[in-house]
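**Q** Sequence:
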Amino acid sequence: MSCPHVSGLAAALKSWHPKWSPSAIRSAIMTTAFQTNNLHSPIKTDDGAVATPYDIGAGEINLLGSFRPGLVYKTSTTDYVQFLCNMGYSASRIRAIASTVPNNFSCPRDSCPDLISNMNYD
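Residues in the sequence shown are numbered from 1 upward in steps of one, following our numbering.
Hints in this document: simulated from the structure, not taken from any laboratory. Beta carbons: idealized from backbone N, C-alpha and C, even for Gly. Certain hints may be false.
Label-pair ranges, simulated between beta-carbon atoms [claimed, not checked]:
1. Arg95 x Ala49: 22 to 28 Å
2. Arg93 x Gly48: 37 to 43 Å
3. Asp46 x Cys3: 39 to 45 Å
4. Gln35 x Cys3: 17 to 23 Å
5. Ala51 x Pro4: 17 to 23 Å
6. Pro113 x His5: 21 to 27 Å
Pairs of lysine to aspartate or glutamate residues, derived as DMTMM-like cross-links and limited to a Cα-Cα distance of at most 25 Å, are as follows [what the hints assert, rightly or not]:
7. Lys14 x Asp110
8. Lys14 x Glu60
9. Lys44 x Glu60
10. Lys19 x Asp79
Work out the full structure: start from the sequences and follow the hints.
**A** Rendered as structure tokens:
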């Protein structure tokens, strides 16, 4: 049931912030999500274990918080391609994954996993 709720929030955010890109809207929703329930306890799985991001994604959406997230990550295809380069993917493998990468593309020589933490910072 989350899809219609998140879609509705995304539409409301776009009307409130018409200049925001889809990645900014996604970031606002994800960075303001709650990882705790309404009793301020960790969200749990059906078997009672503490839920991981694989179970709940970013968490429960925070309707009001997402309108004023404070921090918004604006990502582009280039950011994701650079991430794959830093993860050690070859240029040919990246072209197979991302159809918008030009044929003459090559990863920068200084690509390495240490640069992943700088993905959103210029």
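**Q** Could you work out which earlier hints the structure fails to respect and list their numbers in ascending sequence?
**A** 1, 3, 6, 7
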